[in-house]
Amino acid sequence: MKVRVFLIYYKKTLDLTRNSLKMKILDCTLRDGGYYTNWDFNWDDVKVYLDSLNQLPIDYIEFGYRSVKLKGYLGEYFYCPQYLLEKIRTVSNKKLVIILNEKDIKDTDVYELLTPCVGLIDMVRIAIDPKSFSRALKLAAAVKNMGFEVGFNVMYMSKWKENKEFLELIKEVNGVCDYFYMVDSYGGVFPEDVRNIYQLVKSQTDVPIGFHGHNNLELALINTLTAIEQGVDIVDCTITGMGRGAGNLKTELLLTVLSSQGKLNFPFNDLSKTVDTFTKIQNMYEWGTNLPYMVSGANSLPQKEVMDWVGKRYYSFNSIIRALNNQSKGVQDNQKLSTFSTNERGKYPKAVIVGGGSTAIEHSTAIKKYLESNPALLVIHASSKNAMAYKSIPNKQIFCLVGNEGHRMEDVFCGEIPDNTICVLPPFPRKMGTYIPSTLKENAYELKEVSFSDKYCDSHTAIALQTIVELDIKSVELVGYDGYSNTLVGKKEQELLAENEYLFTKLVNKGVKCSSLTPTAYKMIEQQSIYSIT
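821 is the number of the first residue of the sequence shown in this note's numbering; add one for each residue after it.
Calculated directly from the structure, the hints in this document are not laboratory data.
Computed from a prediction, not measured in an experiment: that's the story for all the values here.
Simulated pairs of lysine-lysine, BS3-like, Cα-Cα distance not exceeding 30 Å: (1) Lys1216 - Lys1275; (2) Lys979 - Lys991; (3) Lys1294 - Lys1167; (4) Lys981 - Lys1022; (5) Lys1022 - Lys951; (6) Lys1251 - Lys1261; (7) Lys1330 - Lys1170.
Sequences are here, hints too, so could you generate the full structure?
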């Protein structure tokens, strides 16, 4: 109801005709959306986007970064090579924009980096941490000298008031930049914050002011309308809200609201074409707000880590929220456990690791018979999902508890956890906090370190495999590690497959034999059949 009243208020008070509207609109779908696609986009999709925006009341299109060489793979729209600039320029009739990440670029890099952009790009924006504002002024001067419009995208707006030194430097942008952007990086500001900060900036400089809002608390529209009402000169948006973390103000929503004044005219069919295209991409990458992003926004916490956590299928929302709460309070996990003992090193001839795949249930009758016939085998549960099927086996069982897995374990067993059971947790401190079922508190241990791998060390599989290393077990059999053979699986499933393959490869390289007793798509795992040994 409050949102509806708010929009009705703006509908009555804002004179947003296209002819009289001085405010400009910048669409940064490809640049901000690259955080999901690693800055790779299909040209056919980009062509639909550019053709559509040609017909829409968008003034600027920001389509990527320009950058010096960085480690790792970053896609085409992160480096924006000259051929791509030329290709986009031939299609688009809008002013074109690229952005520099100030922390990676020196003023001495500017000439070589931007010379290929001359005549093709109209504006260069600079993403700036307020703590680096003085350094950014030098970078901006170098960009300005090359004849580009310059935009200052000053991040972390919700924390500006804590940085008095930065606030005193705002006046230094006069004559250096063409737009000074208030960027709500965390998606955590409210309309009143927008008003106050706008007035603060306005009192310091005559440079035109912009606003870039993230949508963690679903306030991007209201905050942008507030900025417009205050008199900002330019605002950002993206198709379907595509952007880092929870995403941004939807271009289609902003245009629809402005059109509702009855004075902003544009062809909705052209808008629909690009929205349809990016909706399909959204179905793959699933950007948009959710509970963890809401908590991170409300507490002005970085979105990069939340993106990583939300993207991990083995992190529950509860464990992510616990980690965010710890961050917001500035505390680490404070529950130290006894270190996992290696007294049983060499005791077990073989271990069976139970994963969360459906084959651990489909073939459970044969698997249980195998375990009952071999009670000396150790059973390690990398996931509690299928554990109930193995409740009555005589083998010692170890449960790997990452994040909220302890709660799942309680739910699976309805609180009646089998005897001869212990749990192993990641090394201290645990980002996702610590939760241990009450009946296992005396049998809970933490690993000293994860040494067999240099990556993905806080996953369930990594904890299971490190346990194998600690106990010096040389042969491992897997059940329920199905993998994903369907090429149409989502990005999360693909990432999990790649992570597990990496971890298994690291273990095999340490001389541990790995085989699967149930069907698996993991190529480096030797395939056996549970039915050949029962």
